[in-house]
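Enquirer: Here are the chains, one letter per residue:
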Amino acid sequence: MTNHLALGAALHFDHVLADDPAPLEALIHSLFSGFVADQLRNFYIPDDAQKAPPPSDFDPKKLVERIRTGATWLASVHSTPGTPDAEEVEISVGTVGAARSSRSLTKCRYALTGAFGPAQLARIGVSQALDAILTFAGAVAVRAGVLHWATTTVYASCLASGGGSNQLTREQNSHITDLLYWQPRWGNVIRGPQWGTFLAAEHVRALGGIDAITRESGCARVIALRSGGAFLQATALDEPIVEDTNNEASMARLAAYLTPVMGRRT
Amino acid sequence: MGLSAFLMLPLNSTSRADAQNDLTRVKHDLDALHSRVDAEGGNVDSYLDQSVKLRQMDKEQLASLVDQICRLDVERDDDEADRIAKDLRDKVVSRVRGAYDKTVDDGSHVFDHLGNLESDAKALRDRAHDLEDKPEVKDDAAHVREDVEKSLETIHAMMEKMNRDLSTLDRVKEGVMAGANNPTIRARMEYGKEMHHKLQSDRSCDEKEVSLSSGRPDCVKFDSDDCKVIEFKPDTYSESTARAQAAGYIADVREHFKTDDRAKRCKQDADGPILQPVGETYTACHP
Numbered sequence: 001m002t003n004h005l006a007l008g009a010a011l012h013f014d015h016v017l018a019d020d021p022a023p024l025e026a027l028i029h030s031l032f033s034g035f036v037a038d039q040l041r042n043f044y045i046p047d048d049a050q051k052a053p054p055p056s057d058f059d060p061k062k063l064v065e066r067i068r069t070g071a072t073w074l075a076s077v078h079s080t081p082g083t084p085d086a087e088e089v090e091i092s093v094g095t096v097g098a099a100r101s102s103r104s105l106t107k108c109r110y111a112l113t114g115a116f117g118p119a120q121l122a123r124i125g126v127s128q129a130l131d132a133i134l135t136f137a138g139a140v141a142v143r144a145g146v147l148h149w150a151t152t153t154v155y156a157s158c159l160a161s162g163g164g165s166n167q168l169t170r171e172q173n174s175h176i177t178d179l180l181y182w183q184p185r186w187g188n189v190i191r192g193p194q195w196g197t198f199l200a201a202e203h204v205r206a207l208g209g210i211d212a213i214t215r216e217s218g219c220a221r222v223i224a225l226r227s228g229g230a231f232l233q234a235t236a237l238d239e240p241i242v243e244d245t246n247n248e249a250s251m252a253r254l255a256a257y258l259t260p261v262m263g264r265r266t
Numbered sequence: 001m002g003l004s005a006f007l008m009l010p011l012n013s014t015s016r017a018d019a020q021n022d023l024t025r026v027k028h029d030l031d032a033l034h035s036r037v038d039a040e041g042g043n044v045d046s047y048l049d050q051s052v053k054l055r056q057m058d059k060e061q062l063a064s065l066v067d068q069i070c071r072l073d074v075e076r077d078d079d080e081a082d083r084i085a086k087d088l089r090d091k092v093v094s095r096v097r098g099a100y101d102k103t104v105d106d107g108s109h110v111f112d113h114l115g116n117l118e119s120d121a122k123a124l125r126d127r128a129h130d131l132e133d134k135p136e137v138k139d140d141a142a143h144v145r146e147d148v149e150k151s152l153e154t155i156h157a158m159m160e161k162m163n164r165d166l167s168t169l170d171r172v173k174e175g176v177m178a179g180a181n182n183p184t185i186r187a188r189m190e191y192g193k194e195m196h197h198k199l200q201s202d203r204s205c206d207e208k209e210v211s212l213s214s215g216r217p218d219c220v221k222f223d224s225d226d227c228k229v230i231e232f233k234p235d236t237y238s239e240s241t242a243r244a245q246a247a248g249y250i251a252d253v254r255e256h257f258k259t260d261d262r263a264k265r266c267k268q269d270a271d272g273p274i275l276q277p278v279g280e281t282y283t284a285c286h287p
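If you're matching them up, the sequences are chains A and B in order.
Anchor point for the first sequence: position 188 equals 188 in the working numbering, and the numbering is continuous, going up by one each time.
Anchor point for the second sequence: position 158 equals 158 in the working numbering, and the numbering is continuous, going up by one each time.
Pulled out of the complex, with its shape left as it was, chain B reads as follows (with noise of 0.2 angstroms):
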């Protein structure tokens, strides 16, 4: 062996040692490796949780936005109930787009996170298979190395959970309610406006939305005796209420259309036509 022989064992005996403190480090950022995977799937399950609230909260929001449109007496375009109904719709849809932006928001970090995770297991999983090369620790390190893979696996896993509910989430907030042109939103705030025309179409209207100072009736009818003056709403109200809506036109009525010849058609009081105030309410729209 020689002087040489003699040199080399220190060495041999340097690199065993060498090659063990290396896979004692790797087995420690392995065990690190494994409650940081931990930790970063209970930040996906709770991210996955937040989502699927927030897909809720979005339905309910939804269907509590077209409950109060249905409540309202929306009769034409930018009426005040129009109006109020287009306020409530904007004001949802930016509480919702809000609670969105910070739901990807939190998504995107624990989807960061999950890549950091990722790039760190694949480094342990390199030097862990460097150390396979190593006949003195190659088994252990080959444990180590399958060990990493699996964690891998499950980190690519949640990365996948994430991507997908991220995707589909970042689709639900570019079309959130849709604001406008939410096909449910437009239907229910249509509704109202479409159900006044059929009923002012159906009750042979001779005047309707006549604007007057105290509003505009939604239908004015000189029928010979039997004059009516009367307003339709959604069965939200009570027929009563319409009919008391119905009677705050009927002294402006009177005085708008006493030189009309149809108004010579009605009963006459005292003083001129009467003109009954009428309450007709329409089922509502639904959620």
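Isolated chain A, as found in the complex (with noise of 0.2 angstroms):
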């Protein structure tokens, strides 16, 4: 069960969302209509080289509007500084104009990551939160990504980011790493597998088309994205594959299957 599980996701795309913003705007609505405004806040990075201001209320709208301006790198929506772990939430994504630079480490122009601690899914609900997930994933014609389980929202969150943490064992932040060999490949390569993966439109069609993924793939479900893509989701909710735990035969046969669109050492 997830019952005590964070979620972690990362999202690759090039859909611009400076100039049309309505996915997130709907991921934003699904996720968090149910919150108190004080339990959230807004917060972004500008695209120029100063610091970003202190986190503000939240305000989707106020959000939005700074996306439009197309000179905003990263917005957020996370939870107050100082929730227990238990209870955070945060989504960020790249929101750049298209006439900048992304400073993307991947093939694709953007990326959105969230982490989801145990507690705020339960709020939000498992299915609902998944849903609003892969709706945006389709709506911004996903081209890599994936979703982790994992037993603390930091670390959910650092899964997702590729990034590193203080309250994460030497042992976990350098999993962390090793997850990210194939990193500037990602978007023309999958990214994982996972319990969670997202496949772009041309990964589908590279592994035969959707029935065929979900004839062979061995996944608990496949999902059709409107984008063309796909979502694999390696095991039922009630079995979730928890990152660090004994999970290399269930991963092994879909990395075997999803071998055609994943990096390969030469």
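Because the hints were derived from the structure by calculation, they are not lab data.
Glycine included, each C-beta is placed from N, C-alpha and C at the ideal position.
Some clues are possibly wrong.
Computed beta-carbon distance windows for the label pairs [said to hold, decoys possible]:
id, chain 1, residue 1, chain 2, residue 2, range
1, A, Val242, B, Arg262, 32 to 42 angstroms
2, B, His156, A, Asp38, 47 to 57 angstroms
3, B, Lys264, A, Asp238, 41 to 51 angstroms
With the hints as a guide, bring both chains together as one complex.
Expert: The following block contains the structure:
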């Protein structure tokens, strides 16, 4: 069961939210409309050499206005600083305009990363959270992405962003950097596989189409996205694969199946 | 008595009537003085009330200013946050100084009125005192003089109160937050810079605040298989936002250090060194 687990999400895409923020507005609405305003904060990093101003009151409209300027490198909604780990929630997304450098380390211009503590997942509803993420993925034509289950929200957050934290063990931080080997190719190749793996439309085609993937991947759930891409869920929600647990066997099977769309060392 | 005695009688009678009239006018003026003393007492009270509120506002503005400065990520002299902090400080100092100016001005007016009142009361006292030489109104005049003297005491007490308040208010105004030199503000503005220096030293950063097009990362570390870009922020930010800020530098840091031998110590991805973005928060200063 996922009751005590945190979910980390990462999606890579090229959709310019500064021009069309509707997918993000829908995601924020789906995830956060039940929240009390003072539980969340707006945050953004301007696209210049200046540091980000302090987080401000949660106001989706203001955040979207800022995104529309095209001069915001990253926009985020997150829990009020100091929130206990299990109650933390955050989404951060690249939003700089198309004419500017996105500072991306992947083949995709932008990334959305999210982390949902178990208490917030229970509040939002696991299925609702997944549906919201999948809808966003379809709307922005996701090119790569993963969903991780982890025992803490900070770990889920770092797994999604590829970042490190003093709250993690040395092994956990090292594990995260190990997962970054193909980062410069993500988008051309898939990220992962993980418990949840996003495929671009070209990956779906390379694997023989959605029906073939459904039949042959061995995944508990395969969802076709409106972009032509797909979401592969390795196991059922009541048997999640949790990071750092013995998941090699099930992931090895999926990795073998996805080899044609994964990075390959020559 | 003769003629002269005959002529004296009406004169004495006139003199008595004049003294009575004078006393009546003095009494009338005494009533007016009482009213003015009462009214001025009200003005003094409302000035002192305003002064107390101003001092409270001073404290609140200072607390609010310090709170805002503590929320900022002030890293170094003249960086954006430092400039914002200075701008906030200058605006608040100017606002509070303006309020002080107005209050001091109002207080000066009240004090001037008290001065006029004191002069008028003294003149009235003298008039009452002069009437004490006239036997026919002597006793009444003495009572009036004593009454005026009581009013004068009240006026002096109000002047003393005003004087005390105005002189301390002047001192506070002169030192109103003392601008950049206010130790509370200065300490809060320096705090972030000191914390950055401390953390950069504690974490043994290989590079500090290297200038890149995306900004100046607080710390770059080239430890074996564990290279990092660390962003330090006060805990008014969440760790994940500090990490996101660090992530914004990674592409530039990779490019900047691509030929640096130290980058060879890092784990490598398909294209080059892996630098992990890390956010670290420290306890923000508090008002």
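Enquirer: Does each hint fit the structure? Answer for all of them.
Expert: Each hint tested on the structure:
| no. | hint | result |
| --- | --- | --- |
| 1 | A:Val242 x B:Arg262: 32 to 42 angstroms | 36 angstroms, holds |
| 2 | B:His156 x A:Asp38: 47 to 57 angstroms | 54 angstroms, holds |
| 3 | B:Lys264 x A:Asp238: 41 to 51 angstroms | 46 angstroms, holds |
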